[in-house]
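Novice: The residues making up each chain are set out below.
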Amino acid sequence: EDKVVQSPLSLVVHEGDTVTLNCSYEVTNFRSLLWYKQEKKAPTFLFMLTSSGIEKKSGRLSSILDKKELSSILNITATQTGDSAIYLCAHTGTASKLTFGTGTRLQVTL
Amino acid sequence: GAVVSQHPSWVICKSGTSVKIECRSLDFQATTMFWYRQFPKQSLMLMATSNEGSKATYEQGVEKDKFLINHASLTLSTLTVTSAHPEDSSFYICSATGPNPETQYFGPGTRLLVL
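These protein sequences, in sequence, are chains B and A. Under our numbering, the first residue of the first sequence carries the number 1379, and numbering increases by one thereafter. Under our numbering, the first residue of the second sequence carries the number 122, and numbering increases by one thereafter.
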């Protein structure tokens, strides 16, 4: 059974700080790793990672996959209160089924 | 971009009644739709995978007679929670894949509260 674990579970930072969220996985047949941001509704897509060592970037957010370590990180620089959300990591398995991690709840305070 | 809608957004019902939740892909044909459930402060758990015109595939531990899924067309899937009980109260989210099976588009979710 595929397993995705995220850390930390919860994080509170001040606006302007940089944060790094972790995701590790144990899967039978790796296809891709996805990052999502979830506020009050359904998750919104951030990144899809398939190749090790290639950084994906979107504004202040970036993510990279390390297949050797079976992990990925999501970085957010110069955090803003609008970044407060749950960040979910998921593995795409057979038949496009997603296995989600526990999520990291990020709160950015003024 | 691809848009998935869900209806209703919120539903409150009495214990023992059945509730139907619709998931529609608005501007693409969804070959596969997925139904997830999310309890407070927990992650999304896949309940079932549905392909148009065929029976849904349920994850282990999900009762298929309790959570009826119908995928009648390439743009519509429905989840019916039969004889709902308070423990079924949750956030139900659907997603759909289009031409690229690697990308899932999520609906806005439906909050169900069973009294």
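Treat the hints with caution; some may be incorrect.
[To be verified] Mimicking SDA-like on lysine to any residue, the simulated pairs with C-alpha atoms at most 25 Å apart in a straight line are:
no. : chain 1 : residue 1 : chain 2 : residue 2
1   : B       : Lys-1435  : A       : Ser-210
2   : B       : Lys-1434  : A       : Gly-182
3   : A       : Lys-187   : A       : Ser-139
4   : B       : Lys-1415  : A       : Lys-185
5   : A       : Lys-187   : A       : Glu-223
6   : B       : Lys-1475  : A       : Val-235
7   : A       : Lys-187   : B       : Ala-1473
8   : B       : Lys-1381  : A       : Ser-139
9   : A       : Lys-185   : B       : Phe-1408
10  : A       : Lys-162   : B       : Thr-1428
11  : B       : Lys-1415  : A       : Lys-176
12  : B       : Lys-1418  : A       : Thr-201
13  : B       : Lys-1419  : A       : Gly-174
14  : B       : Lys-1475  : A       : Gly-182
15  : A       : Lys-162   : B       : Lys-1446
16  : B       : Lys-1419  : A       : Glu-223
17  : A       : Lys-187   : A       : Phe-149
18  : B       : Lys-1419  : A       : Leu-167
19  : B       : Lys-1419  : A       : Ser-175
20  : B       : Lys-1434  : A       : Lys-141
21  : A       : Lys-187   : A       : Thr-224
22  : B       : Lys-1419  : A       : Leu-195
23  : B       : Lys-1415  : A       : Ser-139
24  : B       : Lys-1415  : A       : Pro-161
25  : B       : Lys-1381  : A       : Thr-224
26  : A       : Lys-141   : A       : Pro-161
27  : B       : Lys-1415  : A       : Pro-207
28  : B       : Lys-1415  : A       : Ser-136
29  : A       : Lys-176   : A       : Gly-219
30  : A       : Lys-162   : B       : Glu-1404
31  : B       : Lys-1418  : A       : Lys-176
32  : B       : Lys-1475  : B       : Ala-1463
33  : B       : Lys-1415  : B       : Thr-1398
34  : B       : Lys-1434  : B       : Leu-1387
35  : B       : Lys-1418  : A       : Ala-123
36  : B       : Lys-1475  : A       : Thr-201
[What the hints assert, rightly or not] Label pairs and their in silico Cβ distance ranges:
no. : chain 1 : residue 1 : chain 2 : residue 2 : range
37  : A       : Gly-137   : B       : Glu-1393  : 43 to 53 Å
38  : A       : Leu-197   : B       : Val-1391  : 24 to 34 Å
39  : A       : Gly-137   : B       : Asn-1453  : 45 to 55 Å
40  : A       : Val-124   : B       : Thr-1428  : 23 to 33 Å
The hints are simulated quantities; they were obtained by calculation from the structure and are not laboratory data. Using N, Cα and C, we set each Cβ at its ideal position, and we do this for glycine too.
Novice: B/Lys-1419 and A/Gly-174: Cα distance at most 25 Å?
Specialist: 29 Å, violated
Novice: Could you grab the alpha-carbon distance between A/Lys-187 and A/Ser-139 and see if it respects the 25 Å cut-off?
Specialist: 9 Å, holds
Novice: Is the straight-line distance between the alpha-carbon of A/Lys-162 and that of B/Thr-1428 25 Å or less?
Specialist: 28 Å, violated
Novice: Run the distance test for B/Lys-1415 versus A/Ser-136: straight-line Cα separation, threshold 25 Å.
Specialist: 33 Å, violated
Novice: Is it true that the CA of B/Lys-1435 sits at most 25 Å from the CA of A/Ser-210?
Specialist: Between B/Lys-1435 and A/Ser-210 the Cα gap is close to 37 Å, so the pair fails against 25 Å, i.e. violated.
Novice: Tell me if the straight-line CA distance from B/Lys-1415 to A/Lys-176 falls inside 25 Å.
Specialist: It is violated: about 31 Å lies between the C-alpha atoms, which goes past 25 Å.
Novice: Check whether the Cα positions of A/Lys-187 and A/Thr-224 lie no farther apart than 25 Å.
Specialist: Given that 25 Å is the threshold and the Cα spacing comes to 28 Å, the pair is violated.
Novice: Starting from B/Lys-1434, check that the Cα of B/Leu-1387 is at most 25 Å away, please.
Specialist: 23 Å, holds
Novice: Quick one, are A/Lys-185 and B/Phe-1408 close enough, alpha carbons at most 25 Å?
Specialist: Cα-Cα ~28 Å, so violated.
Novice: Would you mind confirming whether the straight-line C-alpha gap from B/Lys-1418 to A/Thr-201 stays at or under 25 Å?
Specialist: With Cα atoms ~23 Å apart, B/Lys-1418 and A/Thr-201 stay inside 25 Å; holds.
Novice: Can the restraint linking B/Lys-1419 and A/Ser-175 be considered satisfied, given a maximum Cα separation of 25 Å?
Specialist: 29 Å, violated
Novice: Keeping to a limit of 25 Å between CA atoms, is the pair of B/Lys-1415 and A/Ser-139 held or broken?
Specialist: Measuring from Cα to Cα gives roughly 31 Å; hence the hint is violated.
Checked against the numbered hints above, the structure violates hints 1, 2, 4, 5, 6, 8, 9, 10, 11, 13, 15, 17, 19, 20, 21, 23, 27, 28, 31, 38; every other hint is satisfied.
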